[in-house]
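> Could you build the full structure based on these sequences and the hints that come with them?
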Amino acid sequence: DAGITQSPRHKVTETGTPVTLRCHQTENHRYMYWYRQDPGHGLRLIHYSYGVKDTDKGEVSDGYSVSRSKTEDFLLTLESATSSQTSVYFCAISQNPGQNSPLHFGNGTRLTVT
Amino acid sequence: DQQVKQNSPSLSVQEGRISILNCDYTNSMFDYFLWYKKYPAEGPTFLISISSIKDKNEDGRFTVFLNKSAKHLSLHIVPSQPGDSAVYFCAASGLSGGSYIPTFGRGTSLIVHP
Chain V
1 DAGITQSPRH KVTETGTPVT LRCHQTENHR YMYWYRQDPG HGLRLIHYSY
51 GVKDTDKGEV SDGYSVSRSK TEDFLLTLES ATSSQTSVYF CAISQNPGQN
101 SPLHFGNGTR LTVT
Chain H
115 DQQVKQNSPS LSVQEGRISI LNCDYTNSMF DYFLWYKKYP AEGPTFLISI
165 SSIKDKNEDG RFTVFLNKSA KHLSLHIVPS QPGDSAVYFC AASGLSGGSY
215 IPTFGRGTSL IVHP
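Protein chains in written order, with our numbering: chain V, 1 to 114; chain H, 115 to 228.
In case anyone wonders, no lab produced these hints; they're calculated from the structure. From the three backbone atoms N, C-alpha and C, an ideal C-beta is built for every residue, glycine too. A couple of the hints might just be wrong.
[Stated by the list, open to error] The calculated label-pair distances, taken between Cβ atoms and stated as ranges, are:
id, chain 1, residue 1, chain 2, residue 2, range
1, V, SER80, H, VAL192, 45 to 55 angstroms
2, H, PRO193, V, VAL52, 42 to 52 angstroms
3, H, PRO154, V, LYS53, 33 to 43 angstroms
4, V, LYS11, H, PRO154, 31 to 41 angstroms
5, V, THR26, H, PRO154, 20 to 30 angstroms
6, H, ARG175, V, SER84, 31 to 41 angstroms
7, H, PRO228, V, LYS57, 37 to 47 angstroms
8, V, THR15, H, GLU129, 27 to 37 angstroms
[Said to hold, decoys possible] List time: in silico DSS-like cross-link candidates among lysine-lysine, alpha-carbon distance up to 30 angstroms:
id, chain 1, residue 1, chain 2, residue 2
9, H, LYS168, H, LYS151
10, H, LYS170, V, LYS57
11, H, LYS151, V, LYS57
12, V, LYS11, V, LYS57
13, V, LYS57, H, LYS185
14, H, LYS151, H, LYS170
15, H, LYS119, H, LYS168
16, H, LYS182, H, LYS151
17, H, LYS170, H, LYS119
18, V, LYS57, H, LYS182
19, H, LYS168, H, LYS185
20, H, LYS185, H, LYS119
21, H, LYS182, H, LYS170
22, V, LYS11, H, LYS151
23, V, LYS70, V, LYS53
Shown next as structure tokens:
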């Protein structure tokens, strides 16, 4: 299994509070991704990174920001959490952006916003 | 607007029989297709892929078929086993901004009965 650790695994927070989720990899892969999984929606891309300090938006980026100061860490921040951001968040990595480089996923963070 | 559609939320199959999971896509720029498998409380794991230059790819009990003219692909599992019970995500990608970042369907939950 690819070395991907997501923390925390579970979090409950209140509406309006800031939340940061962490993804740590030991594979030295250049590409890192944040997805959210919701019933009826599958996996949707929030943000991704193609290198240190290089990030771009996905299809559901509103309300989220990311940072990548080191190759191994990719942080997802909810500046002011809302109930619509209750979800399971998955981090993924890939070696390169090519066709023959499938994503490897972490085990997810379950976030509940009350 | 969904670009990757898995129209069957669930599928129930008897052990030993064939499981067929279907996926349709709308974006003609997609040229690489993947299937991921997800168990509860775990991240998705890559299962099998196919390039648009092929119409079939086989890996053990798993075969993916691609019909480009119909923009349709399917995953066949033969014979199905109880351990195959999971959610299966279809994903499609095409070169965009120098990267292949997959778009996922909503998933199909497969239950294989002993």
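> Report the numbers of all earlier hints that the structure fails to satisfy, in ascending order.
4, 8 and 10
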